[in-house]
Amino acid sequence: MDVTAAAAPPLVEVRDLKMHFPITRGIVIQRRIGAVKAVDGVSFHLRRGETLGLVGESGSGKTTIGRTILRLNQPTAGEIRIDGRDIATAGQGDIRRLRPRMQMIFQDPYASLNPRLTVGTIIAEAAVHHGILKKRDRQARVGELLETVGLDPAFAQRYPHEFSGGQRQRIGIARALALSPDFIVCDEPIAALDVSIQAQVINLLKDLQGRLGLTYLFIAHDLSVVRHISDRIAVMYLGKIVEMADSRTLYHAPKHPYSQALLSAVPIPDPKVEKQRHRIMLTGDLPSPANPPKGCNFCTRCPIAEEICRREEPPLIDHGDGHQVACHFAKPDASA
Amino acid sequence: MAMTEVTIDSPAKVAWRRFRQHRIAMVALAVLGVIVILCAFAPFFSGYDPLGLNMAAIRQPPSADHWLGTDTLGRDIWTRTLYGGRVSLVIGLAAAFLSTIIGIVLGVISGYFGKWADMVVMRITDVVMAFPPIIIMLTVAAFTGPGLVNVIFIIGGLRWPPTARLVRGQILQLRDQDFVTAARTLGLTNAIIITRHMLPHVVAPLVANITFAVSLAILTEAGLSFLGLGVPLPTPTWGNMMEAARDLRIMREEPWMWIPPAIFTLTTVLCINFVGDGLRDAFDPQQLIGEK
Amino acid sequence: MAAQLLLSVDGLTTSFGRGPDKVRAVADMSFDLAEGEVLAIVGESGSGKSVTMRSIMGIIPMPPGVIESGTAFFDGADLLAIDEENLRRLRGKDIAMVFQDAMTSLNPVLTVGRQITEVLEEHLGMTGKAARDRAISLLDEVGIPDAAHRIDEYPHQFSGGMRQRAMIALAIACGPRLLIADEPTTALDVTIQAQIIDLVVGLQTSHDMGIVWISHDLGVVARIAQKVIVMYAGRVVERATVEDLFDAPAHPYTIGLLASLPRLDQEPGEHLDSIPGQPPNASSLPPGCAFAPRCPLATETCRVEVPPVITVGDGHHAACHRLDEVRRREGRLPWT
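Residue numbers (my numbering), protein chains in the order written: chain F, 10 to 345; chain W, 2 to 293; chain V, 323 to 658.
Honestly, the hints are just simulated from the structure, not real lab data. Do not rely on the hints blindly, as some may be mistaken.
[As the list claims (entries may be wrong)] Calculated lysine to aspartate or glutamate pairs in the EDC-like style (CA-CA distance at most 20 Å, straight line):
1) F:K284 to V:D569
2) F:K284 to V:E406
3) F:K143 to F:D117
4) F:K284 to V:D566
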């Protein structure tokens, strides 16, 4: 069990979350012939004001986790609690009323803004709907939010297509902030942006967290970026968390062979460093989440896999200080 | 903050600007306008009563008194064509309106809520589409009897499946768009999500679809009336005026009796279709919303 | 230098559209590539890096594209001037291309093997069993396991990484002397990206190809390139060897870009330096230096006059009015 739980209850608690998408066949009479286990037994928590980075490659289930926590999917099994309130089984009406507390920032700034609404409407619509914002305060609040995200308040009258990707992402952030949320799922918010804009958005998100005490679940595939914003990081592989630790530990002493390979694969923008780096090459591709391997999910690509790995699934074990690893061969911290 | 010149263009404004560049559609719109004005204000353009018999002047070819001649009962063809246009246009618009409403409602239910609702709606659609429309219309018309309102309900009630499918397809696509997901995360109700965030995007393909539905309804009315199952005489419609051509002698020797309504029908339908084309291009989302 | 010149581009200018809507995508682009050399062209979306190479390959849509001026000599022939037939004969044989999206560049209705044998027949006159055997050995060479069987599969049966490998096999089928790689790893996960980069680096050595690698990722560039061109708004802003570029970047844009990249091998600071403002819109470029609106050193001259390309060192050039100031500040710029 978590030792820090005694201090303050976590804002977000996820326990043994499963999200299986059925695979069906037939048009008139649909038969279930299997399931894509996008998320398969994931547990973690987030303290208030903390950022948990969720990294993994495509198909790891990281995006599904974000969407399921916000109940955009109906979870197959498991518990989700945000500020003590049950999210996993709440009715549609209750969920709608809880939504202002939990928001989302999307990956694609082009697809996530309704092209037919003005920026002002996009930002204020939900706040007015939930009664958080009175119509007569609308203009002032929209202006204030636009300034908060570093945009000109005059932009409220314009349409999304007039803006660049980075500006649109700021609009998306303003839309989330309009509801004064506690918790924001950031679903790869900078992956679609130009390199020179990524740093701007990361800095903005960090500023906002400091100012407003936000709690982030930051989903990304880019490890160098996640590190800049995360207090703790969870590495996912094929629907499961394989390693979770505070950022420093994860980057300096990763224990799971997948985390190690992932870190060594990230190119570093320095030719001298690149020439000397030792890289752990993974062979093959991610197995299908509809048909995961027996035993450890990673055994098909793992450079150190042995017989036991193909037979038994390694549990996620705490190796001290909240550093959790799911590997038969992860050694406890002897040196530390 | 320094800014370059700001132009605030709502999507509708952009669409109108693009429509105006579509020359054929603009001409068609103008011609359509003339026809609508002629029909709507028929009394201003003709001194005759469309139902007024005149046994002294039957089967007259076009002349100074009767610009387009008279029919077998001595009624003025020009007058009847204009008054007939009123009925035909009303039927076209009302039937298209009805079928569009049914199509939107069923399409939205099917596309947005999915699962069994989708199954039920789509099977009903399949059934309605499986019957040859003209036969089912004839059967229904035979039961309900001819009449303006009946014709509207028959056409509107049977022409909705293409609209429903179109709307369903659009809604299905939109349902997975991030901005719709965003609307859900914002806690908006289904009604708001559908009406504010989805339906406006369906308008573009739908507008073109509606225009085609209008022209199809006009043609269907003409067909039904031609077979004597549409709007009953003596009320003129373009359809039942053309019915005169079923008489071989009229068809061959007194073409003024059926050519005017035929030309009006043809022109109207063509123009509506051209306008529909123009609207479709103007609303083309790729170019409307697209980058840059 | 013993190395022969393979490709020599001079003064390439490509625009799209005409009249007031005309957008200049590439302006006055020049570079040389020696045999067996790897050149990276780096830039953000809209910088003209892809259009440059597509112009040279004759695959930009015309209209609306227009190559206004320039020459591109390959093997004594000006690629911009020779007729379509001769260009076609070069393409796929002496010059090959690899794209970002293998799914759309491979034909979905033909087996992978058929697509390779087709090229072998067309350019090398190989037929029947000889072509098939060659195709199998090519697939084997790019690391596709069980090539003899997988040759009869369709692209959709391949995973993303495998498709990319198949496309590379197709590209090297006729032993090209120049390989143009247009962001071939951008859509891939990092562990797969590392595999593909390794593969291309290996092939480059074994086949002695010249490579033009188009990318927005400076980490990848640091790993594979010998020379780098940085583009901004359709123009070259800096050109250098990879060591010079990362060690002593001269152009403020390059400096800003490198500073804004989080690096895995460095402890994260509180804030990332970020380049302020938005990337320029190609349809409304400022009259002077396109980077001036975002540049901390910009002066009045920068705003009105396009900067000339100035030699900074041996093989190191930058297009900037303020190089002296950059040097005086030793590359530390006052980013806000």
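Holds or violated: K284 (chain F) and D569 (chain V), Cα atoms, limit 20 Å.
Holds, at about 14 Å.
For the pair supplied as a hint, K143 (chain F) and D117 (chain F), is the alpha-carbon distance within the 20 Å limit?
This hinted pair is violated, its Cα atoms lying about 30 Å apart.
So if I understand the rule, the pair passes when the alpha-carbon distance is 20 Å or less; does K284 (chain F) with E406 (chain V) pass?
violated, 41 Å
Can you confirm whether the C-alpha distance between K284 (chain F) and D566 (chain V) stays at or below 20 Å?
holds, 15 Å
This entry does not satisfy hints 2, 3, going by the numbered hints stated previously.
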